[in-house]
Amino acid sequence: GGTELADLAVSLAYNDSWYNWPLRAAVQAFTGIEPEPDNLGVVNDLQTNVARNLSVAPNSIPRLRYVGGGSSYGGITKPFISGTDDGVVPTHSACGATSANGIDSCAGNLSMAGKVSSQNGPAGLYYNHYPILMSEGANHSDVINNQTGNIAVPVVNNTVLGGLQIDFASRTYNQRAWWQLWGSGDRYVEVPGSNQTSLSNLLYTTLNN
Numbered sequence: 001g002g003t004e005l006a007d008l009a010v011s012l013a014y015n016d017s018w019y020n021w022p023l024r025a026a027v028q029a030f031t032g033i034e035p036e037p038d039n040l041g042v043v044n045d046l047q048t049n050v051a052r053n054l055s056v057a058p059n060s061i062p063r064l065r066y067v068g069g070g071s072s073y074g075g076i077t078k079p080f081i082s083g084t085d086d087g088v089v090p091t092h093s094a095c096g097a098t099s100a101n102g103i104d105s106c107a108g109n110l111s112m113a114g115k116v117s118s119q120n121g122p123a124g125l126y127y128n129h130y131p132i133l134m135s136e137g138a139n140h141s142d143v144i145n146n147q148t149g150n151i152a153v154p155v156v157n158n159t160v161l162g163g164l165q166i167d168f169a170s171r172t173y174n175q176r177a178w179w180q181l182w183g184s185g186d187r188y189v190e191v192p193g194s195n196q197t198s199l200s201n202l203l204y205t206t207l208n209n
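Residues in the sequence shown are numbered consecutively from 1, following the numbering used here.
Any given hint could be a false lead.
Derived DEER-like restraints, expressed as beta-carbon distance ranges [claimed, not checked]:
#1 SER141 <-> PRO22: 18 to 28 Å
#2 GLY74 <-> ASN20: 13 to 23 Å
#3 LYS78 <-> LEU181: 29 to 39 Å
#4 ILE33 <-> ASN201: 51 to 61 Å
#5 VAL116 <-> ASN15: 43 to 53 Å
#6 ASN174 <-> ILE33: 42 to 52 Å
#7 THR205 <-> ASN49: 28 to 38 Å
#8 ASN49 <-> PRO22: 41 to 51 Å
#9 LEU181 <-> ASN201: 34 to 44 Å
Derived DMTMM-like pairs: lysine to aspartate or glutamate, alpha-carbon spacing no greater than 25 Å straight-line [as the list claims (entries may be wrong)]:
#10 LYS115 <-> ASP186
#11 LYS115 <-> GLU136
#12 LYS78 <-> ASP104
#13 LYS78 <-> GLU36
#14 LYS78 <-> ASP45
#15 LYS115 <-> ASP167
#16 LYS78 <-> GLU136
It should be emphasised that the hints constitute simulated quantities derived from the structure, not laboratory data.
Glycine is no exception: its CB is placed at the ideal position from the N, C-alpha and C atoms.
Given these sequences and hints, build the entire structure.
See below:
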């Protein structure tokens, strides 16, 4: 689904005006390169429209998605990305949403923190794309590396996709905010103990059982 940061990188590569230096700094943090025409390489393919055109072809292999909503690079990239993001990839892209509109969750009834409530979720998902885990605190590096400490939230769960058993453990609980003096509070769902391991390890151990 691409990222708006790639769109910005390509735009800046052909506009070197001095007043664009904050934007260039954000792009350089994401790409690791100075945004110049000869440096773009694969960044061209990560532009939102380009990446979406590459990913829409039907595929018999399920695309399993795990999605973060944390901050990368000190938050410098967030103002340039539509909706919630992991500091690099927007949620609409990470979830496999059919529209590039900004969204805050991969589900319309579950937040990235696991709160069961109405959310600004995708209107639809691409064929055979399945968001299986979300984590509000995980940034782009946390999602792909071995960082621990982030609670994972199961989205598509207890099903079989392409012969693969998706069966994350889940726990449902109620929690009251400090200002909620009565009632049972809000309902949450999580993968118990997920903050003790990395998202990548959680995926491997669950799907490889």
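Okay, the hints, checked on the actual structure:
{"no.": "1", "hint": "SER141 <-> PRO22: 18 to 28 Å", "result": "22 Å, holds"}
{"no.": "2", "hint": "GLY74 <-> ASN20: 13 to 23 Å", "result": "19 Å, holds"}
{"no.": "3", "hint": "LYS78 <-> LEU181: 29 to 39 Å", "result": "34 Å, holds"}
{"no.": "4", "hint": "ILE33 <-> ASN201: 51 to 61 Å", "result": "30 Å, violated"}
{"no.": "5", "hint": "VAL116 <-> ASN15: 43 to 53 Å", "result": "45 Å, holds"}
{"no.": "6", "hint": "ASN174 <-> ILE33: 42 to 52 Å", "result": "48 Å, holds"}
{"no.": "7", "hint": "THR205 <-> ASN49: 28 to 38 Å", "result": "37 Å, holds"}
{"no.": "8", "hint": "ASN49 <-> PRO22: 41 to 51 Å", "result": "24 Å, violated"}
{"no.": "9", "hint": "LEU181 <-> ASN201: 34 to 44 Å", "result": "40 Å, holds"}
{"no.": "10", "hint": "LYS115 <-> ASP186", "result": "7 Å, holds"}
{"no.": "11", "hint": "LYS115 <-> GLU136", "result": "11 Å, holds"}
{"no.": "12", "hint": "LYS78 <-> ASP104", "result": "13 Å, holds"}
{"no.": "13", "hint": "LYS78 <-> GLU36", "result": "22 Å, holds"}
{"no.": "14", "hint": "LYS78 <-> ASP45", "result": "20 Å, holds"}
{"no.": "15", "hint": "LYS115 <-> ASP167", "result": "20 Å, holds"}
{"no.": "16", "hint": "LYS78 <-> GLU136", "result": "14 Å, holds"}
Checked against the numbered hints given earlier, this structure breaks hints 4 and 8; the rest are met.
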